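Engineer: This is what each chain is made of:
Number of protein chains: 6
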Amino acid sequence: MDHRYLENIVGRFLAEDIGQGDITSEPIFAPDRRNKAFFVAKDEFIAAGLATIAPTVFKCQNENIVCAGIADGTVVKKGDTLLTAEGPILDLLKAERVALNLVQRLCGIATLTGKFVQIVKDLPVAVVDTRKTTPGLRALEKYAVRVGGGHNHRMSLADGILIKDNHIAACGSIMLAVEKVRGQAPHTLKVEVECENLKQVGECLDCGVEIIMLDNMAIAEMIEAVKLVNGKAILEASGGVGLGNIRVIAETGVNIISVGALTHSAPACDISMRLISA
Amino acid sequence: MDHRYLENIVGRFLAEDIGQGDITSEPIFAPDRRNKAFFVAKDEFIAAGLATIAPTVFKCQNENIVCAGIADGTVVKKGDTLLTAEGPILDLLKAERVALNLVQRLCGIATLTGKFVQIVKDLPVAVVDTRKTTPGLRALEKYAVRVGGGHNHRMSLADGILIKDNHIAACGSIMLAVEKVRGQAPHTLKVEVECENLKQVGECLDCGVEIIMLDNMAIAEMIEAVKLVNGKAILEASGGVGLGNIRVIAETGVNIISVGALTHSAPACDISMRLISA
Amino acid sequence: MDHRYLENIVGRFLAEDIGQGDITSEPIFAPDRRNKAFFVAKDEFIAAGLATIAPTVFKCQNENIVCAGIADGTVVKKGDTLLTAEGPILDLLKAERVALNLVQRLCGIATLTGKFVQIVKDLPVAVVDTRKTTPGLRALEKYAVRVGGGHNHRMSLADGILIKDNHIAACGSIMLAVEKVRGQAPHTLKVEVECENLKQVGECLDCGVEIIMLDNMAIAEMIEAVKLVNGKAILEASGGVGLGNIRVIAETGVNIISVGALTHSAPACDISMRLISA
Amino acid sequence: MDHRYLENIVGRFLAEDIGQGDITSEPIFAPDRRNKAFFVAKDEFIAAGLATIAPTVFKCQNENIVCAGIADGTVVKKGDTLLTAEGPILDLLKAERVALNLVQRLCGIATLTGKFVQIVKDLPVAVVDTRKTTPGLRALEKYAVRVGGGHNHRMSLADGILIKDNHIAACGSIMLAVEKVRGQAPHTLKVEVECENLKQVGECLDCGVEIIMLDNMAIAEMIEAVKLVNGKAILEASGGVGLGNIRVIAETGVNIISVGALTHSAPACDISMRLISA
Amino acid sequence: MDHRYLENIVGRFLAEDIGQGDITSEPIFAPDRRNKAFFVAKDEFIAAGLATIAPTVFKCQNENIVCAGIADGTVVKKGDTLLTAEGPILDLLKAERVALNLVQRLCGIATLTGKFVQIVKDLPVAVVDTRKTTPGLRALEKYAVRVGGGHNHRMSLADGILIKDNHIAACGSIMLAVEKVRGQAPHTLKVEVECENLKQVGECLDCGVEIIMLDNMAIAEMIEAVKLVNGKAILEASGGVGLGNIRVIAETGVNIISVGALTHSAPACDISMRLISA
Amino acid sequence: MDHRYLENIVGRFLAEDIGQGDITSEPIFAPDRRNKAFFVAKDEFIAAGLATIAPTVFKCQNENIVCAGIADGTVVKKGDTLLTAEGPILDLLKAERVALNLVQRLCGIATLTGKFVQIVKDLPVAVVDTRKTTPGLRALEKYAVRVGGGHNHRMSLADGILIKDNHIAACGSIMLAVEKVRGQAPHTLKVEVECENLKQVGECLDCGVEIIMLDNMAIAEMIEAVKLVNGKAILEASGGVGLGNIRVIAETGVNIISVGALTHSAPACDISMRLISA
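From first to last, the protein sequence lines are chains A, B, C, D, E and F.
Using my numbering, the letters of the first sequence map in sequence onto residues 3 to 280.
Using my numbering, the letters of the second sequence map in sequence onto residues 3 to 280.
Using my numbering, the letters of the third sequence map in sequence onto residues 3 to 280.
Using my numbering, the letters of the fourth sequence map in sequence onto residues 3 to 280.
Using my numbering, the letters of the fifth sequence map in sequence onto residues 3 to 280.
Using my numbering, the letters of the sixth sequence map in sequence onto residues 3 to 280.
FYI, nobody ran anything at the bench for these hints, they're computed from the structure.
Be aware that one or more of the hints could be misleading.
The list treats identical chains as interchangeable, and a pair is accepted whether it falls inside one copy or across any two copies.
Unchecked claim - Keeping only pairs whose Cα atoms sit at most 25 Å apart, straight-line, the calculated SDA-like set for lysine to any residue is: (1) K61 / I221; (2) K166 / D82; (3) K182 / K192; (4) K166 / T86; (5) K166 / F40.
As the structure is a prediction and not an experimental result, all values here were calculated from the model.
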């Protein structure tokens, strides 16, 4: 992720939590009093954002804070130290909550993604996210999905094509919809079409669609689709995917499985900050 | 919530999801083609944000969208219609994902809050949230807590006083810390102090602290604290509260129970949008 | 005050005064030509913002300016040096006017506040400000009030409760209004009610209102109110307070006296900047 | 003033005072409950901003508020109605304080300007303001000066040339400084030079300076300067101008008198808002 | 293009040209005085932005301006009326220059693009733009390219993959570079690699690269590349393309020709605004 | 140009080109891998922005990039090195396109301006720009005009007076229009009036207009105007000025010639960036 982009987002988060100042701490701590702070894991999980995003939060609050965290993807155990930060205690306390709120969520997403990925790791399939992300946090959450071993679907409506039932209905056919969109879109983007049945899958093949989304299809129908497509397009399974059924879906031979739960239902990991005198 | 504040936040969320435009829909739908859209519940839950926040999302995208949703706090069943919106299909599709991502989360928070509140509803205790909210969404998430029957703790570091162990250690005693903060803070704010034992609770009483937080105390100790305080301060229980133990905590006689899980671990509710020709 | 908050405000003030550049100085001074500048008092007053806010202005314009000023609360005499700044002359000249305009106003507020505070310093009463501040400068002006020995009332409509006649009329009674607001507001905030007569003061006591504002009451009536309340609530006198009558108001025994004039009518102090070659 | 520029400023002022919402009024008033509000003068003064700026404040908060105020420049008496606004009471209350804080200040500036202008109204001289304005309010305050019968000096460092002692010293002579600046500045701007003595005035004439500022000169010296210049440049008197000496300064024959006090020391006028049911 | 995105950009452009107001027109025209304005072509060219972007400029300045322009892609002759706008003359004058500056540039780009497209219209090749756009105007300029019959390359570094010599050198081979990027990028994006010779083209085929850019290759080498690739990837010719050589490049059989000149060197078309009384 | 102003603009340009990150380079280059980059001229032209603006682009992206370029106004030849930058390769690549797109345009404007200036360099006339600049780039483009030896007309509608036919018609005469505008505008600005014939020129002289614009006048008429005015006002020729006729216009004796083409039709210069290992 670009660091200027990240700093911009983080600045707003700090403003939300700090407002005009910390009315408890400012009367107590002198601006130049320094301390050391640690983030400690209170659970087992996959670390995400400790080496990159949390340090940005501390440095955005005060560029004189020295901060380093463990590498993305590290599996941590309860009690592990995840990050150290040293600097003015006033700014450590002001940045604490935003940093924790962010990394607890990102570790949660990476950890849940890791569980999905683990189940299908011996199969030639990629686990990808969706646009079902927290408003304002999309880039961060999609980053955490990558840390957990997943891949990303499009970032926004502007950088990926996905033709759905409404588009098809409005144009009269898949072919006409694909034509209209291809006439306007950059050639650098693949065309993806959401299909509800094998007939539609066939139509996609006829017009050279690069990615075919199988929307809430039964396992048997997916198997048919894989046969029909036979490598001529990327097949993405979508809808109702959970830890319980991702294996059987992957075994149909699809190339991509998209999972909304990665970002909308990952429980936060438990991390706390401890302070000691510097 | 103030509508200008809300529109400002929502504008950024729409920009995140839409960017420079919807490259799939814009080549297909004319800007003046109108449709009707519905939000439908796919679960049972407490509605939050359908009458207020989701309509703001649609109207922010296009002020000509006419939109109305069901009242906050309504308990909905699977299949219930939650919201109708009529306007240009291009803008309905652009606003869809942001509106859904927001209300699915807010309904989730209201629903989880409702579960906690239900368990203690016959006792004189309030369930409150914390600062463990999603960065960028604090005001919205605290709104959903209120919809679910909970109450709010401070909104930010700037509008509530909470003296913790670091502050006490830096000043030498609770009394000195309270004095320092009272010397600077508006008289309109109560002073809250986090206590780890009964001795500290007693010190708080000695200096007229208005709210005493019992931090991760055992049930027996909380009972002692309630006796000791005897109505001379508000008692807030905090730390490790779940659906399984909130009842027993409430029965100690504390006045307030704060629950981080309300906002950091509420699973999203399932809602989808359906489109029909207008 | 939080430094990120302050820098954000100051950046806009600099932009207002500098726009695209200083068309007089830029053709004359090379960007790396350095000078020393001094702020000099041309009056006697209480210093406010010289050690904190003015240096932020200079550093916002150019982080390489080295700048330090005298402590908040210092009583200065005509001719005293208040601040020194050393750095590129171009940036010293660009920041000069904003820095002066700010501190002249802040010193004015601190000085006027100091006069009010001085008159009642032997009495157990606090002098507080109001929301009658300059739009865009509220946090800075409330800071200057604290420097002058005063205290702050609420910062905005969002972080303090003040129930007035319209609210009471709409609800039917003080009790009902208090109930409605308490049902929604954080428990960390005290409830304040504006009263016009003793009957209302009594109603406030009945429902446990924490702060009672006596709005434009006669001295005799205030004395009655103090007796009636007898320490069961904080009493705030408000309306028409000046240097001439604050003593007699304070002697009624009220706890708080709010003075709009602190921020809306404090005359600016006279300070000028002198430059010498570095 | 451009309305888009004004709305932009006002939006920030409303955000400062309202934050995330009015925690007292929002639980009490339904969003669609309408009322009527009036601004009433509690003093005698010159109206400024009632017809233009205050209505923008109300409409920025809610575009459905219908609002009109009396014309700029009207002399009002105690008890006069200055403005009426009708709309949702919630938004009338939210906009009230910002609107009042602004117009009280602007009326104060217009009124003070009017006093200076009145004293010299039979003489061919213009009273102008300076850059000693409130940070963030410059355009509004300079507008109020015009309402009071005054004129404006430059708006910022970017749109007016003023060569001072530092510039002259750095270049070696007035002529060289003027040359350097003229080489870069738009031909649409007049060149102004600050002079401390008649010798400098003469040098200005030699190089065709269009405006000569007489900085803190004695009356006798100003009279000499007027003779020397003899209409070949605009003469501006500056420094230490008050209501007591502006007449004698004007009688020297200078064309322009600049007065910092117009904006940095005008006391606020007293205006209050009254609400009645709509 | 999304209308909220467009309004945001346009608001900044208006602020740049109008600042705090139009000091010539505001003293002369009452805010409610209405007029009609016309845009008239003073050249022959392809219209772009008259029906969409110019009306947004006028409506951003004042939503009460009624404005309509001719369809994108219309070929206009000298003297043709391109747009009519009716509303307050003050706002017509304020929006005039921004609207003209934008559409003159966009028509210029559409017209130049049209010339390139015309030359190769009977061949199966697309003319595309590059990132050599005016900073701040990329989305608008790429829109104009589409109006002129061209297509778009990636919008930014974030939504298109282009592996160049530095990337290849850092990884050791095309294959390793492609692998690294594919491991992180969304599957919705095609991989493009810039090649300098046929050997590299061959390597691209070996690892399934979807788009191969032939960077400044000679015509003969391009012909070889087309044979070698034989439809297994999209071929993009890039570098030094002008109106004089695009035909011969297209005849090599490449699929895409990218032309930086479309956006960095299109001369502005000549359009003027005429006003008549409404 | 003020550096804070410049950084603000540049930040938006970088965001436009980089978005959430460079999806090609970020997976390949470690954030701390350093390189050296050079800008090389591929044409002969006048350098503009290499010493000031391009380094700001690189430093805005990463303050640790060390960057220096050749002085404004240098005439460069094909192959000349124009700028060196050393720092993290990731940030060099991210800033490259914005820096190039800006300086190619600015050098183009300086070069074209230089051609106009060269033709009339022995005559007492200034070549000035207009408001026909690229939206969002006005300050930069006007800077490049100065580098090329030209001068600037007003920066915006707010800082220069230009009375045109509409203003005159609305007021009834030039005299009345001038009076109205002078009543409101700062005395630091000259009044300019656009004239279509000699009669209007005479009217301008009668009311002391400081600048008279001769709008699209024939050469013979301009010669008459120069005689008529005889040094009592600045004469500006405007309309249809090109390299072919500027000499003959200048020979009429006008003082100023404004040329829209300087900014709306200057072709970009050709510059490329080369990278070598640091």
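Engineer: State for each hint whether it applies.
Structural biologist: Quick rundown of the hints versus the structure:
In the homo-oligomer, the alpha carbons of K61 and I221 never lie at most 25 Å apart, since the shortest distance is 49 Å inside one protomer and 40 Å across protomers. Taking the closest pair of Cα atoms, K166 and D82 come within 25 Å of each other only across two copies (24 Å); inside a single copy the shortest separation is 46 Å, beyond that limit. For a Cα distance limit of 25 Å, the shortest separation of K182 from K192 qualifies both inside one copy, at 14 Å, and across copies, at 19 Å. For the identical chains of this complex, K166 and T86 are inter-copy neighbours only, at 21 Å across copies versus 47 Å inside a copy, given an alpha-carbon limit of 25 Å.
Taking CA atoms no more than 25 Å apart as the test, K166 paired with F40 passes between copies only; the shortest distance there is 17 Å, against 48 Å inside one copy.
When the structure is compared with the earlier hints, a violation turns up for hint 1 alone.
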